[in-house]
Every structure is written in C-alpha cells, then in structure tokens.
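Q: One line per chain: the protein sequences are A and B, in this order. Going by this note's numbering, 314 is the number at position 314 of the first sequence; the sequence numbering is gapless. Going by this note's numbering, 115 is the number at position 115 of the second sequence; the sequence numbering is gapless.
Certain hints may be false.
To be verified - A short, non-exhaustive set of chain B residues, derived as facing chain A with CB atoms under 8 angstroms: (1) 12; (2) 14; (3) 16; (4) 20; (5) 59; (6) 151; (7) 241; (8) 286.
In short, the hints are calculated from the structure, not lab data. Built from N, CA and C at the ideal position, the CB exists for glycine as well.
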Amino acid sequence: MPNIYGMMDVGRTALISHQKAIDIIGNNIANANTPGYSRQRVNLEQNAPVRYQGGTMSNGVHAEQRIQRAYDQFLAAQINDQKQSLGRWTAQKEALEKVELMFDEVSGYGLNKAFSEFWNAWQDLANNPVGHVERVTVVSRGRNLAETFKKLRRDLVSVQQDADEEIQDLVGEINTIARQIAELNRKVTQVEVSGHNANDYRDERDLLLNKLGDMIGINSFEDGDGNVIVSVGSEKPLVDGTRSWSLTTGTNGSGFQDLYWVDSSGANVDITDDIDSGQMKGWLQARDSVVSGYIDRLDTLASTVISQVNNLHAAGYALDGSQNNFFTGGNAVDMAVNSAVVSDVNLVAASGTSGGVPGDNSTAVAIAALQQTLTMSSATTTFDGYYASMVSDVGADVRDARVSLQHQDSMVSRLEAYREQVAGVSLDEEMVELIQSQHAYSAAAKLITSADEMMATLIGMVR
Amino acid sequence: MRISNKQMAENLKHRLFQQTARILESETKVTTGKRVNKLSDDPVAMGRILEYRSTISRMEQYGRNISLGQNHLEAVDGILEAVSDLIGQAKDIASNPDPDLSSSQASQVADIRRQILQFAGSKHNGNYLFSGHQTDTAPFDSSGTYQGDSGTRDIVIGQGMTVSIEADGSEIFQGSQDVFQVLDDLETAIGANDKASIKTQLSRLQDALEHINGIRAENAVQAKRMETAENHWNSFRVSMEQMLSRTEDADLAEAVIDLQVQKTAYEASLATGAMIIQPSLVDFLS
C-alpha cells in the first residue's frame, strides 16, 4: 500500500533528477560554441519499484551516473583521417604560393625579361661591334641575368628554409601534444574506473588528436581501458597509455632538418620518409621534392646558359684579340659575368676573326642566335621554352595544391557538419528540454506540496 | 535532422568567405585588366604568355636591327651617289678635253680624286663605312692603297636571316677599275694632252661607274629585303600582340558582369544569413 512518505520520496527523486538534467542543459548551453564540445545528456531511469502482496509501489526516478556524450566514433576517426590530408595540403599550398610569388613573371620583370634583354643586347652589339655603349649594355644585361638567376634561386632556397623552420616548430608542438594526450589518458582511465564518464577529458583528447593529425600523419585507436594509442611514421609509438615518446630533428647533408623518432633507449630513428600526411608531409614534400625540383631545373638552365655562351664567347675575339669566358660560375648559385670583362668591356668578344677585327660581329650574332637554338632538354627546346614550361609547371603545381586543399577542406567541413549534427548543441533543442525539465521540476515540487497537504489533513483529523 | 547553432554559423561564415574570395578575384581581374594575375590562374596560358613576350621582344629587336641597317644603307647609297656624280664629272672632262684649259682640267680631276677619296673615308656612327671589318682604319691612304679587309656589314633581320652589305672599299672603288688609279692616269693624260690615253681613261671611268652602280643596285636589293622583312615583322608582331592580349587580358565586360553577379550573390547571402542566425526559441519564450 502506498504511503505519503513514499510520495514525498518520489517527489524528491524527481526534483533531484530534473535538477541534474537542467544542470547538464545549462552546461550544454554554456558550451554551445566551445570547439570540440560534444553535447551531453542525462539519462533518466525509473527506480526499481517495490512489489508486495500483488501491488507495485513506484519508487521514483534517478539520473544515470554515466552522463551520455553524443559522439560518433567512426565519424571522429574519419575526420581525423581527412584532417591529416587537409594539413598536408595546407602546408604544401602555403609553400607553393610563396614560390609562385618569387616568379615575378606576371608583372613582366622576371627571368623571361632578363633573358630577352640579354639576347637583344647581343644583337645591338652585332649592329655596332665596337660601340662602347653596346658593350657596356651587353655586360650590364649579362650581370642582370646572372643576378636574376641568383635572386630567384635564393628566394627558392628561402622557401625551403621557411619550410625547414616550420618542420622544427612542428616537432616541438607534436611533442607537447603527445605528452598532453598521455596525461589525458591517465585522467580518463582514472575517472572512468569509478563508473563515471570522463566526457570533458574525452572531448579535450579528441580535440588534441585532431590537432596532432593536422600536424603529422598518425594512426590512433582506443584500447579497452579508454586509453588512446597513437603511432607515427611506420608504426612508431608516440603515445601508449600514459607513456609518450618524442620526435626530434637532426641536420642532414643538404643543411636541412631530418625527422627522427627517439626510441626507448634514446637512440634516434630516421622517419623522414615514413611520414605520409599532415602538415609535416606538406612541408617535407615542398622542401625536399617540389621546391628542390625547381632549384635543380633553374640550375640546369643557368649552367647551360653559362656553358653555351662561354663556348661561343671563348671561341670569339675581344677588341684586343684576346679570348675570354663571358660568364663565370657553374649554376644559378654563383653565376656572374667574368670580372675581367666587367672591368674592361673591350674584352667582350663580338668578333669571330683571330686578332679581334673591330667590325666583325659574327660572335655577337652567334651568341644572340642562342636564344633560338634548341639547347635544352636534349636539344628539344630553347632556353625560353624550358623556362616557360618550368613557370607553367610551378603554376600547375600551385593550382593542384589549391584544388586538393579545396577538395579536402570541403570534405572536412562536410564531415564536421555531420559531427555537429550528432554532437553539436542546438539551442532550440536545449530550450525545449529546459522547459520540459522545468515543468517536471515544478510538478515534482507540486507533488511534494500535495503530499505535505495530505499529511496536514491527516494530522488535522487526529486533532 | 538536428542542426546546431554552431553549424549554422559555420556554414554562413564558410559561404561568406567563399564569396568574398570570389569577389576579390573578380575585382583583381577588373582592376588589373588581366585574366592571368598569378601563375596558377592559368599555368598553360602563363607559359604561352612568356613565349609571346620573348617573341615580341625579339621582333622589336629585329625591327631595330633593320632600321639601323636601313640607316647604314642610306648613308652608303648617299655616298655612292655622290661618287657616281663625281665620276660623271670626270667623264665630262675626259670627253671634252680642252688643250687650252689642260692644267685647270687636270687640277679639277685631281680635286675629284681627292673628293672621292674623302667620300670613301666616310664614317657612319663613328665607324668607317668602306674598310670591311677594320672599321677603325681609314680604307685608303693618300696613294689610294686599300688598308681594310674584305669583311661585309652583316645585319640580322630574322632568325637565321642575315643581310650582308658590301663594305669592302677595294671591291667598290677598285673592283673593275681602280678609280683612284684611273683618275691619276686621267690627270696625267690631260696634263700631257695625250688624247689616246684620255680616251682609254674615259672608257675605264665608264667601267668604274657601272661597277659602282652595280653595287648600288645590289644594295637596293638588300634594302628591299630589309623592307620586306620589316613589313613581315610588323604585321607578325601585331598578330602576336593580339594573341598575347587574348591570352593575358581579361574581357572587361565579362569581368565586370561577373563581379556584379558575385556582389549580388554576396548580398543575398548576407541577407539570408541575417534572417536565419537571428531568431531562436529563446526570442519567443516569455
């Protein structure tokens, strides 16, 4: 048979449970804009009724100890995967857009123009082989060409150096995050062993995992105890339970930093080539493959220009009959006009007749004709053509990186939209729930008041 | 489907960013007037633009070469014309020898010889015109001995196309007949009133004149070649520049319309954004 105290008790459980629910709703509202927050929900469960003598006595309600966290594990894994690619293309696009800026061809002041001016200067010299002005012009255009080569190469190297610095910065951040994840592993297991859900720690850990994935390609999974296990490169552990390993860098032969994983004994293992995504991959790829490829092509172009011009020039004759090289240096690093020629422009060889005949312009004509000669790529293209295709390739690479990034970006935002659908806070929904709980709370209070009045009536009877 | 407030806000931001980026791109096109503003805007076009630019620059250079060559030819022709006139004068004297005026006629011939020698020693842009490649050496000494070489004046008028202008003074002035020797002999003959010799010199002068006129005719052919090349490069350059413009320049009307369309879309997004992110259930609870 029900009793009034039992009713009051039911009212009490309802008050407490709905208060708890409102508390969680409040927390959801407060965190509506918190990155990585997964909305939480109190699950109410009816208390086990007491049955006796064929009757059932309700026992009220209680809030489950585990606060439910709206979370889709597969979605989280997918987001992490796509974020790794996103990081890679973000970095690669950033590096390549810098490269794009270095090729100042759209405005028309790049290497293309320096080339044109250089060849034209030789034609002008051919028109007046003894002219002092024409000789000075040939030398200054030659110096300009060499300087433009050197500047472009320096600029490209500076992009590599920027990438190198990014890589070193990333290593520091990766190590910090690895330690934080290990610490959160400890906290999560500690909380959950007591039967609670460590929702806040899990949210924080997921956020860090996403950040880490953005920085470097990782593999991660959760073990039975709630620990996240993270590995990088070819299955090198970064976090396992409460333990974390660290990464470090070391200077390689080209003066850049290689990436190492430090094993338990403190020995460095080279994992530079094992990274396949994340910003780390983007920077490594830009530094060691894309930009260094451009530099190689630039060097090839410069060295061919130097050798072709010198071959003709050294076979020609200066005004005083001497024979000299026009350029010194071997590639875009050290290309320069022969200092002897710079200090005495009469050493420019325009003549092809031994003894240096002043009116002979055959060497100047021959050098000017190099512009049209198939000198590059096993005699299939001209200097201009080779450079133009290189510039085209840079543009295409930037474009590819941008398209990949856009694709990756829309992928991630679509996945994050799904995640938001599951885990995000809808204020409208929270309002509805709030009012629902509030009504239930008021009703429970009313229940207690009724029980109280019933009790008063009962006591009044006795008086 | 649950839609969270954050998702709505993120979507709106994402769309607005995308649209502002597109507006910026169209704006750049309109303000620069160029379709290709970065290498990546159109990598293939960029490669072609570079090729067009160097081709145009090369054609301009050919144009400069040709106009210098034409200058040179005009100078040469002016001198050779004057020399023909002088030889004509010498011929006049030789065809009407007057024994009474023999000494004055002889000195006239000597004058003519001196003048021709002077003309042969002309400079153009500081270089001797008729001493082959020895452009810093006078072609003839006072005795009429050639001091230059047989080099020609070569002008590049196109890829692998060269115009060679005769600059060998010995070929021009001493090719069929040594003009200076003939005039020397004529002076002597007139002084000695040697009719037979004067007659011989007259026919030799005729030879020399014909030879020089032959050289002038050859030069005229070269001038014609240069003119043809110049016309060719001019029209070719115009079409190259058109191609460059077509590759590089934005269609302004299209760019402006694009910009306008994007602005409208942007404003629409702003308006809808303002409508959807404002209200929530909270606004309707009292």
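Q: Each hint needs a verdict: does it hold in this structure or not?
A: How the hints compare with the structure:
no.	hint	verdict
1	12	violated (12 angstroms)
2	14	holds (6 angstroms)
3	16	violated (14 angstroms)
4	20	violated (15 angstroms)
5	59	violated (11 angstroms)
6	151	holds (6 angstroms)
7	241	violated (14 angstroms)
8	286	violated (12 angstroms)
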